[in-house]
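Once you've looked at the hints, dock chain B against the given chain A.
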Amino acid sequence: MRLIAENLGCQRGGRTLFRGLAFRLEAGEALRVTGPNGAGKTSLLRLIGGLLAPAEGRVALEGAEGRAGEAAHLVGHQDAIKSALTVEENLEFWCAVLGATGGVGLAAVEAALSALGLSALAQFPARVLSAGQRRRLALARLLVAKRRLWLLDEPGSGLDADGQKTLSHMIAAHISAGGIAVVAAHGAPEISATREIRLGGGA
Amino acid sequence: MSEALKAILVRDLKLALRAGGGAGIGVMFFLAVVVITPFAIGPDMKLLARVGAAELWIGALLASLLGLDRIFAADQEDGSLDLLLMASLPLTLVAAAKGAAHWCATGLPLVVAAPLLGLLLGLEPTALGAAALTLLVGTPALTFLGLVGASLSVMLPRAGMLVAVLVLPLAIPVLIFGVAATEAASRGELFSAPFRLLLALSLFFLVLGPVAAAAALRHARD
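Which chain is which? The protein sequence lines are A and B, in order.
Each residue of the first sequence is one higher than the last, beginning at 315 in this note's numbering.
Each residue of the second sequence is one higher than the last, beginning at 16 in this note's numbering.
Bound-form chain B, shown alone:
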């Protein structure tokens, strides 16, 4: 069973990283959001440094919404999902493997890019590290929350915007605690209360996401 789940994870990673897979789009969007911020706010370095952490989180949140709708829809369209449903694998674990692959292809690059983009906003080195750390802990929550939206809209064509609208309100707690944890970590309090709450949210969605997604996928079969 673990071999089969590994195969799903590896296949989804390959598909995301090859031409047309869309793994790079999230990072490009993240870059675009961060780069246009100084044009809107103005070249006030102090102000930019103050809003920088929040800006990184907003950019990462929006970027992680891109491509969520393809997690299950691509497999639905070519019939792979039917075969995965018929495989003797727990659908919850299949959904978890697909979520993990999606995070590796789209979430992890955001975490890596965040400190570099933070430089553009004039963040202090500690704040750069803090943003990367909180994004590392927080982006899995966003991806696995998105798994639920992706499974609910699996039968709908061009559901990208719908998934974003479904997921965004539920992602607000992750954003709040993510930004609060980043600010606390920049002050040197690494394991602050917001950071622990962010960790709890991530663990919660890591479990709830695949279970809810599997239930939605079964329901979508008429």
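Okay, chain A solo, but in the shape it has when bound:
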């Protein structure tokens, strides 16, 4: 499996965010995308996930079935958490839609909640979660969706030091298992990426 971008260009509302972007990620590699606000980091992730169409060029996931989006999981600024559902129900829902169902799914949900330190909150409605806890719940989705391509948009925002450590362990475990991660991040040096590109400022 490899993720290939060739001559990729992105326009939003008539404004060119970036063009001529090219990279090639093999299984087991992580790419860190940096750049100032508005440089197109989120748009790049949405392009890879198939949620936006490129203005030029192409991005493709070779060696995976179906569209690139189906092999990918996106954790973005919008956390896809329903406040009225409990923490467990939120995760069970995405597990059923994106990953395994039945007994396997339930075990995966429990494991993901405990990995992110949310087990004690499982039965509480998601509306009581703090911003950092919501981020942890969104990251827990990665463990139940079991996709090989992770698209992470500022995954560390709102996380405490312990959460940052869990996150970097998760990413490290994912790429050592042959996955690919694309991480948009300002700083976050603790996320070990094998490759880095910088958007904006002449990129």
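In short, the hints are calculated from the structure, not lab data.
Among the hints, a few may not be true.
In the SDA-like style, the derived pairs of lysine to any residue whose C-alpha atoms are separated by at most 20 Å in a straight line are [stated by the list, open to error]: (1) B/29 x B/94; (2) B/29 x A/420; (3) B/21 x A/366; (4) B/29 x B/81; (5) A/460 x B/81.
Derived, one-sided and incomplete: chain B residues facing chain A with beta-carbon distance under 10 Å [unchecked claim]: (6) 20; (7) 26; (8) 47; (9) 48; (10) 51; (11) 65; (12) 89; (13) 90; (14) 91; (15) 95; (16) 96; (17) 98; (18) 101; (19) 103; (20) 109.
Computed spacing ranges between beta-carbons, pair by pair [claimed, not checked]: (21) B/25 x A/434: 19 to 27 Å; (22) A/315 x B/176: 24 to 32 Å; (23) B/226 x A/315: 29 to 37 Å; (24) A/318 x B/235: 24 to 32 Å; (25) A/437 x B/226: 45 to 53 Å; (26) A/437 x B/171: 53 to 61 Å; (27) B/140 x A/434: 54 to 62 Å; (28) A/514 x B/219: 48 to 56 Å; (29) A/323 x B/170: 18 to 26 Å; (30) B/92 x A/437: 21 to 29 Å; (31) A/492 x B/105: 55 to 63 Å; (32) A/323 x B/18: 38 to 46 Å.
Even glycine gets a Cβ: it sits at the ideal position worked out from N, Cα and C.
Just chain B now, kept in the frame of chain A:
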């Protein structure tokens, strides 16, 4: 795949029935429309009984327009829609599951409430049954028609009124045949021509609604 669709249906039902979900608002609005009618028309029981079936249908139609705009907009705002688009599920079936959940939470209570509200309008027992039956057959058409309006306005904030204006003209045939079928059924002709046309409209929109909604949702992604 069916497990995933069931999960979508169950989640949407839970969200609608929990606090702030808005499942009860439609029935309350229906009640309000029916209750104010005698104040406007006057306490003439014969006249009320004659316009009662039509009144129930108008109330149910207006009530079913409420909350349509939230079907996809709520998922769009919190990012759930992005993930549903990326899931390996046919978007048409996702839209159908969401439509079915919306009907169960908002359409079905109208059907159940209709005979009770019909009592307030002095309808005969047969007319009460006829209204409930035709609403049972006709409200899915309204919901799945609304699915198209909801998907077209998914990127717009506060699109509630816009969706109602988009959907209302297209719902007129459902209203015409719904009222005609109710009147025929009150006279004892259950499977009258209007009733069969109403059934056909429902089946038509049950198929067309999700297909059109999926196309509109894909288009809305820029």
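The hints, checked one at a time:
1. B/29 x B/94: holds, 18 Å
2. B/29 x A/420: holds, 19 Å
3. B/21 x A/366: violated, 28 Å
4. B/29 x B/81: holds, 18 Å
5. A/460 x B/81: Given that 20 Å is the threshold and the Cα spacing comes to 38 Å, the pair is violated.
6. 20: Constraint on residue 20 of chain B satisfied, holds at 9 Å.
7. 26: Holds. Min distance 5 Å.
8. 47: At 25 Å from the nearest chain A Cβ, residue 47 of chain B fails the 10 Å test, so the hint is violated.
9. 48: The hint is violated - residue 48 of chain B has no Cβ within 10 Å of chain A, the shortest such distance being about 28 Å.
10. 51: Result: violated, 32 Å to nearest chain A Cβ.
11. 65: Cβ of residue 65 of chain B sits 43 Å from chain A, so the hint is violated.
12. 89: Since chain A brings a Cβ to about 8 Å from residue 89 of chain B, closer than 10 Å, the hint holds.
13. 90: This interface hint holds because 8 Å falls under the 10 Å limit.
14. 91: At about 9 Å, which falls below the 10 Å cut-off, the nearest Cβ of chain A leaves the hint on residue 91 of chain B intact, so it holds.
15. 95: holds, 4 Å
16. 96: holds, 9 Å
17. 98: holds, 5 Å
18. 101: This interface hint holds because 4 Å falls under the 10 Å limit.
19. 103: holds, 4 Å
20. 109: This hint holds: residue 109 of chain B lies near chain A, its Cβ roughly 9 Å from the closest one there, short of 10 Å.
21. B/25 x A/434: 19 to 27 Å: holds, 25 Å
22. A/315 x B/176: 24 to 32 Å: violated, 47 Å
23. B/226 x A/315: 29 to 37 Å: holds, 33 Å
24. A/318 x B/235: 24 to 32 Å: Given about 28 Å between the Cβ atoms, the range holds.
25. A/437 x B/226: 45 to 53 Å: violated, 39 Å
26. A/437 x B/171: 53 to 61 Å: violated, 36 Å
27. B/140 x A/434: 54 to 62 Å: Because 56 Å falls inside the window, the suggested range holds.
28. A/514 x B/219: 48 to 56 Å: holds, 50 Å
29. A/323 x B/170: 18 to 26 Å: holds, 23 Å
30. B/92 x A/437: 21 to 29 Å: Holds, at about 25 Å.
31. A/492 x B/105: 55 to 63 Å: violated, 28 Å
32. A/323 x B/18: 38 to 46 Å: holds, 39 Å
The structure is inconsistent with the numbered hints 3, 5, 8, 9, 10, 11, 22, 25, 26 and 31, although it conforms to all the rest.
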